[in-house]
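Residue numbers (our numbering), protein chains in the order written: chain A, -6 to 179; chain B, -6 to 179.
In short, the hints are calculated from the structure, not lab data.
Be aware that one or more of the hints could be misleading.
Treat identical chains as interchangeable: a pair holds within one or across any two.
[As the list claims (entries may be wrong)] No more than 25 Å apart at the CA atoms, straight line, and that leaves these computed lysine to any residue pairs for SDA-like:
| id | residue 1 | residue 2 |
| --- | --- | --- |
| 1 | Lys43 | His177 |
| 2 | Lys122 | Thr112 |
| 3 | Lys115 | Ser163 |
| 4 | Lys122 | Asp165 |
| 5 | Lys122 | Glu162 |
| 6 | Lys122 | Thr14 |
| 7 | Lys1 | Arg168 |
| 8 | Lys27 | Arg(-4) |
| 9 | Lys122 | Val22 |
| 10 | Lys1 | Thr164 |
| 11 | Lys122 | Leu5 |
| 12 | Lys33 | Ala119 |
| 13 | Lys27 | Arg168 |
| 14 | Lys122 | Arg168 |
| 15 | Lys33 | Asp68 |
| 16 | Lys1 | Asp165 |
| 17 | Lys27 | Ser163 |
| 18 | Lys122 | Asp60 |
| 19 | Lys122 | Leu35 |
| 20 | Lys115 | Leu5 |
| 21 | Lys115 | Gln82 |
| 22 | Lys122 | Ser163 |
There are 2 protein chains.
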Amino acid sequence: MSRADATKARILQAAADEFATYGIAGARVDRIAKTAAANKNLIYVYFCSKEQLFDAVLDAHVTHGLDSVPFTPDDLPEYAGRIFDYCQQHPEVIRLATWHRLERADQDPTGTLRTAHETKLKALAAVQKQGGPGSDFSPTALLSFVLSIALAWNPTNATSMPTSVTETESTDARRRAIVEAVRHLL
Amino acid sequence: MSRADATKARILQAAADEFATYGIAGARVDRIAKTAAANKNLIYVYFCSKEQLFDAVLDAHVTHGLDSVPFTPDDLPEYAGRIFDYCQQHPEVIRLATWHRLERADQDPTGTLRTAHETKLKALAAVQKQGGPGSDFSPTALLSFVLSIALAWNPTNATSMPTSVTETESTDARRRAIVEAVRHLL
């Protein structure tokens, strides 16, 4: 890795932490520079603006992060379980995605978000055509429900209950319930 | 309504709009004062701080708002449909709840959020004891899944797809799919 690439990687990691904690409006570029031990001007040279830095983080952590979870349209219950596992291990992913929804709404400047979804929807439609389970729903509806169930307990979820209410359920019990719920859905 | 009550009501409405758009950190008390045609100092007299003003808005719009949707533990599919309808008509509710999750995490200063959930969970447990459907899941899991499915398409949902992907489905089709999905779940 060249020295410039190493600096970029440090900036992206520091930016991911900063944006996950404070969101886009709340993030401070000088805090990112300090954490990354990089010159603040260099951040603008590499990424142009705070918004474009956020897009780069979103792309790396959310779109490619969630895409690294193998999608198995013929085994959606286990896919939901794996998404749950991934988000347990990477709590910043759903925080970043949620800030994006609140602050940038529908913007998908790189188009990768759309592509990632469309690839999955096509694969799902192909399985449904072969009489696979879940044919009561359109591919879009089915994928939306599977992801929503997988993240039902995510702390950023608007409807998630205070942990004081839910703390009685272990992580394993939650994962089992998620897999079972998607099985029922199909 | 006294003049003071009328001013308070105007402040709460202006604050709801401001917080829904910008979140807690991003909200500006002078913008709220201007929109409400109220003196900025009066906001501090009535609500002490921006954070406590947010709590009052959350209480009024989210906790009591969602609680105004009749909870029918013996007919969860229709309950999910009604939650969907309510959030279509009041898009600010889930935005406010989501900002709360991101910026104040688990804080529930008034305790009403916890109470609202616990009342529903008790009613659900009672129906399950009588052999009602959905007994494969704990009341907490079941309520989490029902709410997540009801909000699967909500634009603030971290996993919701760009509208360019989902715009082919009408509001009616979405509602039908939600009711059907909860039926499958049970």
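Structure-based check of each hint:
1. Lys43 to His177: neither (43 Å within a copy, 44 Å between copies)
2. Lys122 to Thr112: within (16 Å within a copy, 43 Å between copies)
3. Lys115 to Ser163: Classified as between: cross-chain Cα gap 20 Å, same-chain 35 Å, threshold 25 Å.
4. Lys122 to Asp165: between (33 Å within a copy, 24 Å between copies)
5. Lys122 to Glu162: Answer is between: at 19 Å across copies they meet the 25 Å cutoff, but 37 Å inside does not.
6. Lys122 to Thr14: Neither: 43 Å inside a copy, 42 Å across copies.
7. Lys1 to Arg168: neither (36 Å within a copy, 45 Å between copies)
8. Lys27 to Arg(-4): within (17 Å within a copy, 50 Å between copies)
9. Lys122 to Val22: neither (49 Å within a copy, 55 Å between copies)
10. Lys1 to Thr164: For Lys1 and Thr164, the Cα distance exceeds 25 Å both inside one copy (35 Å) and across copies (43 Å).
11. Lys122 to Leu5: For Lys122 and Leu5, neither the intra-copy (41 Å) nor the inter-copy (51 Å) Cα distance is at most 25 Å.
12. Lys33 to Ala119: The answer is neither: 48 Å in one copy and 59 Å across copies each exceed 25 Å.
13. Lys27 to Arg168: neither (38 Å within a copy, 48 Å between copies)
14. Lys122 to Arg168: The answer is between: 24 Å across copies meets 25 Å, while 29 Å in one copy does not.
15. Lys33 to Asp68: neither (46 Å within a copy, 56 Å between copies)
16. Lys1 to Asp165: Intra 37 Å, inter 47 Å, cutoff 25 Å: neither.
17. Lys27 to Ser163: neither (38 Å within a copy, 48 Å between copies)
18. Lys122 to Asp60: Result: close within a single copy only, 23 Å intra versus 41 Å inter.
19. Lys122 to Leu35: Intra 51 Å, inter 63 Å, cutoff 25 Å: neither.
20. Lys115 to Leu5: neither (31 Å within a copy, 46 Å between copies)
21. Lys115 to Gln82: Neither way: Lys115 and Gln82 sit 28 Å apart in one copy and 32 Å across, limit 25 Å.
22. Lys122 to Ser163: between (37 Å within a copy, 22 Å between copies)
The structure is inconsistent with the numbered hints 1, 6, 7, 9, 10, 11, 12, 13, 15, 16, 17, 19, 20 and 21, although it conforms to all the rest.
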